[in-house]
Amino acid sequence: MGKTINIRRGYDIRLVGEAKKVLREAPVSDLFAVKPADFPAIIPKLLVQPGDEVLAGQALFYDKDRPNVRFPSPVSGEVAEIVRGEKRRILQVRILPDREVRYAEFPKADLGRLDRATVIQQLLDSGCWQYLRQRPFSIIADPVDVPKAIFVSGFDSAPLAPDWGFALASERENLQAGLRMLNILANGNLHVGIREQGGGLSEADLGDAVPSANVHRFCGPHPAGNVGIQIHHIDPIQPGEKVWTVNVQDAVIIGRLFREGRFRADRVLALTGSCIRQPGYVHVRTGQRMSDVLGDQLNSDHCRIIQGNVLTGKTSSADDFVSFYTNQITVIPEGDKPEFLGWLLPGFHKLSLSRTYFSWLWPKRKYNLDTNTHGEERAFVMSGEYEKVLPMNILPTYLLKAILARDVERMEQLGIYEVAEEDFALCEFVCTSKIPVQRILAEGLEYMRKEG
Amino acid sequence: MKFLEDFFNKTRPHFQKGGKFERWYPAFEALETFAFTPPLTTHDGVHVRDSIDLKRTMFTVIVAMIPTLLFGMWNVGYQHYQAYGMEMSHLDYFMFGFWKVLPIIVVSYAAGLGVEFLFSVLRGHSVSEGYLVSGLLIPLTMPVTVPLWMVALGAIFCTLIGKEIFGGTGMNFMNPALLARAFLFFAFPAYMSGDIWTDLSPEAGHAIVDGYSGATNLVTFDENFRNLPSPADMFWGFEQGSIGETSVAACLIGALILVGTGVGSWRIMLSCVLGALFMGYLFNLLAPASMPNHAMHTPGYYHLLMGSFAFGTVYMATDPVSAAHTEKGKWFYGFFIGALTVILRVFNPAYPEAVMLSILLMNVFAPVIDHLVVEQHIKSRLKKSKLSRA
Chain V
1 MGKTINIRRG YDIRLVGEAK KVLREAPVSD LFAVKPADFP AIIPKLLVQP
51 GDEVLAGQAL FYDKDRPNVR FPSPVSGEVA EIVRGEKRRI LQVRILPDRE
101 VRYAEFPKAD LGRLDRATVI QQLLDSGCWQ YLRQRPFSII ADPVDVPKAI
151 FVSGFDSAPL APDWGFALAS ERENLQAGLR MLNILANGNL HVGIREQGGG
201 LSEADLGDAV PSANVHRFCG PHPAGNVGIQ IHHIDPIQPG EKVWTVNVQD
251 AVIIGRLFRE GRFRADRVLA LTGSCIRQPG YVHVRTGQRM SDVLGDQLNS
301 DHCRIIQGNV LTGKTSSADD FVSFYTNQIT VIPEGDKPEF LGWLLPGFHK
351 LSLSRTYFSW LWPKRKYNLD TNTHGEERAF VMSGEYEKVL PMNILPTYLL
401 KAILARDVER MEQLGIYEVA EEDFALCEFV CTSKIPVQRI LAEGLEYMRK
451 EG
Chain A
453 MKFLEDFFNK TRPHFQKGGK FERWYPAFEA LETFAFTPPL TTHDGVHVRD
503 SIDLKRTMFT VIVAMIPTLL FGMWNVGYQH YQAYGMEMSH LDYFMFGFWK
553 VLPIIVVSYA AGLGVEFLFS VLRGHSVSEG YLVSGLLIPL TMPVTVPLWM
603 VALGAIFCTL IGKEIFGGTG MNFMNPALLA RAFLFFAFPA YMSGDIWTDL
653 SPEAGHAIVD GYSGATNLVT FDENFRNLPS PADMFWGFEQ GSIGETSVAA
703 CLIGALILVG TGVGSWRIML SCVLGALFMG YLFNLLAPAS MPNHAMHTPG
753 YYHLLMGSFA FGTVYMATDP VSAAHTEKGK WFYGFFIGAL TVILRVFNPA
803 YPEAVMLSIL LMNVFAPVID HLVVEQHIKS RLKKSKLSRA
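Quick note, the sequences are listed as chains V and A, same order. Letter by letter, the first sequence follows residues 1 to 452 in our numbering. Letter by letter, the second sequence follows residues 453 to 842 in our numbering.
This is chain V alone, in the form it adopts within the complex (with noise of 0.2 Å):
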């Protein structure tokens, strides 16, 4: 057991909606997509046409860059459509499900003795890889690379997130085997992160399956369950190395198909946020339909559909699919309405780090935050604001006009090889001027990994 680390810069968004401590489980839908824009950087291929029969685990598509690189169909049954946009771009590979899932059976592992090979082999064959990401870039790792460490962040700190300890409780087996086989590929540097009082995992979760030397406690307010941050306090990545990091929930998907000898991709979803009537937790399976996920629990029809938390999820609908890394869903109300004489008013019900409004009278407050901006966008005009909500050793504005620059070498230096979007989220959310700094740190991502 390493020693805490405290992370004292960053902060907790109380937001109302937080998931009650029940499990659901949600109707199986008559209608599954997987959705390539879920995967970060791949070009898809596609491996079935309309009318083929697919298993769960079989192979849908795959990266034209990587052929071995393959992403697999939740369900069993028939694909039914391929859903294309602009330039033929494909959006959404449907199916049409088995009553009874059919599985693609692979061998079912004795896990004491696996090698690195042999794990690598079976989660390219099932199209379990896709789970496991690479800093730089959080980007579908190479299986041909050897990773310095593997980091799986065992709490999440976003606002509304899910509690790992409740929603994994049952698989725990899964969740250590998983573990196991992470172990195995990061030859035993897997490192995980947990947190030193409440919430996600507990060493007890753990089991022996990790190092307890490779156990590190934190504490703090969010981004400390990211896993970048954790990365950065416990071996930050230096230019040229590469570190993989895994989702909990994903590591359970890559246990269970060590143990069961088959891709089954059932996720636990926390369901929150304001404009949900009984927020808790849902038992899903990836690619299903959100609005049987959603069910009857939506309490107005003017909100916004959220997969992931209110900092880094991506916007969705009724009509979407439960996406491939998706652990919460969080519904807030649209703020598209103008409010008068708005940032003239005492504002005793506005959320603000700064306490240019009343609210910080009010430290343990709720809020019912909506999508409305607050503003219009700016040029850069306030200075430290970043730096109270990122806790790493970067200078967050240098890096992000490093980026509009496009000055390779200043962004290496200024350490954008450590960073994602989601550590800047909060960055973000603070910032007065209302730049969009996780896009344009994505910009600088993907201009790195090209121009690297």
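Keep in mind that the hints were calculated from the coordinates and are not lab data. C-beta atoms are modelled at their ideal positions from N, C-alpha and C, and glycine is treated no differently. There could be a bad hint or two in this list.
Stated by the list, open to error - Label-pair ranges, simulated between beta-carbon atoms:
1) Lys450/V / Ala562/A: 46 to 54 Å
2) Arg439/V / Phe459/A: 33 to 41 Å
3) Ser665/A / Asn6/V: 21 to 29 Å
4) Ala684/A / Arg14/V: 40 to 48 Å
5) Leu404/V / Leu839/A: 41 to 49 Å
6) Asn6/V / Leu839/A: 17 to 25 Å
7) Arg14/V / Phe486/A: 57 to 65 Å
8) Gly295/V / Leu839/A: 19 to 27 Å
9) Phe358/V / Arg475/A: 35 to 43 Å
10) Leu111/V / Leu839/A: 35 to 43 Å
11) Asn299/V / Phe486/A: 29 to 37 Å
Unchecked claim - With a cut-off of at most 35 Å between alpha-carbon atoms, the simulated DSBU-like pairs for lysine-lysine come out as follows:
12) Lys836/A / Lys242/V
13) Lys469/A / Lys401/V
14) Lys454/A / Lys434/V
15) Lys469/A / Lys434/V
16) Lys450/V / Lys836/A
What the hints assert, rightly or not - Stretch-level coverage of chain V by chain A, calculated; a stretch enters the list once three of its residues show a Cβ under 8 Å from a Cβ in chain A:
17) 75–87
18) 236–248
Since the structure of chain V is provided, determine the placement of chain A on it from the hints.
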């Protein structure tokens, strides 16, 4: 406020693309967003945003300036009636000052915002909120006797040369309001120094008292610092000077508001004070014993109370655009402002307004400071990565 909303909704089409007044859209938008927080929603990136925006930030700075403004108005009246040896009520003092200061403020805003709107229409960018603050800063740094045409000239200079030629708020490298004051100071010295600090409009039946002198404490300081007003008077501000600068107490209230709300940088304010104290006391140590009246003997803390040190530190040095942007850099930036101010005051009697010049000079050097801080940051990152590889 339904009718106002309807009004904007009804007139908007005329200003949008294809409308009759398409070119004037930025002006329309400025007015509309002034009345109504815009109904914009987040589209990519974060889905929720902090409630603060530039309008609120600037408004907070204005609130922080109100104490100095109110005191300044009172003091204008007080100094006026003092000069005539008349005892009046506080309300009379205040009302006299109010009617003297109000036109200056109105002209400053009208001229500056006029240029701002004109530029936004010509260049097609939205009107920035920066001038809300500059428009009040300019009057507060003027003597009350300043001619209105000069205020207008200063406001236009401030917007045009201080900001717009660089691309607007956020792109400028010097504090626009201070730049305007420096411009007026050097262009029209007769109106900006000398016997101009008190409004001496005639009072029927009263003559100026014999002991009256039109000198500010900085002028006194240049002659002989031992004749300065008492520290208490300098702290509370019962003295002559620019409209807003005299009261250190009022500036302290403003500093509390700025630091409390997180809008102004406490690092800059604190380091300014430390710089001035350091230099002030260093001079005390080095002061020649043979010349007991040499300015170097001035007690170090006097520098915090004299002239516009407090006003400059609280409202001018902390301008986030023209100050250093790195947190470490802010310490150096502030420290040098404080130290330079004291050096200029003690050794360069030609320009008693040392604060103004020090801040402008450090505005110019702020990017250099930031550059050094960033270089040092990069070096330390590199060193760490070499250490961990070894």
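Take a look at whether the Cβ-Cβ distance between Ala684/A and Arg14/V falls inside 40 to 48 Å. holds (46 Å)
Holds or violated: Lys469/A with Lys434/V, Cα cutoff 35 Å? With a Cα-Cα distance of about 24 Å, the restraint between Lys469/A and Lys434/V holds, given a limit of 35 Å.
Measure nothing beyond the straight line between the CA atoms of Lys836/A and Lys242/V; if it is 35 Å or shorter, mark the hint as holding. holds (17 Å)
Is 33 to 41 Å right for how far apart the beta carbons of Arg439/V and Phe459/A are? holds (35 Å)
Could one say that the CB atoms of Phe358/V and Arg475/A fall in the range 35 to 43 Å? Holds - the Cβ-Cβ distance for Phe358/V and Arg475/A, about 40 Å, lies within 35 to 43 Å.
How does the Cβ-Cβ distance of Arg14/V and Phe486/A compare with 57 to 65 Å: does it lie in that range? About 31 Å separates the Cβ atoms of Arg14/V and Phe486/A, which means 57 to 65 Å is violated.
When you take the CB atoms of Lys450/V and Ala562/A, is the distance between them in 46 to 54 Å? holds (51 Å)
Hint check: Lys450/V vs Lys836/A, CA-CA at most 35 Å. Holds or violated? holds (27 Å)
Hey, Lys469/A versus Lys401/V, does the alpha-carbon distance stay inside 35 Å? Answer holds: Lys469/A to Lys401/V is near 32 Å, not above 35 Å.
Restraint status (C-alpha distance of Lys454/A to Lys434/V at most 35 Å): With Cα atoms ~27 Å apart, Lys454/A and Lys434/V stay inside 35 Å; holds.
Has the hinted range 21 to 29 Å been met by the Cβ atoms of Ser665/A and Asn6/V? violated (60 Å)
Holds or violated: 17 to 25 Å for the Cβ distance of Asn6/V and Leu839/A? holds (22 Å)
In this structure, the hints that do not hold are numbers 3, 5, 7, 8, 17, in rising order.
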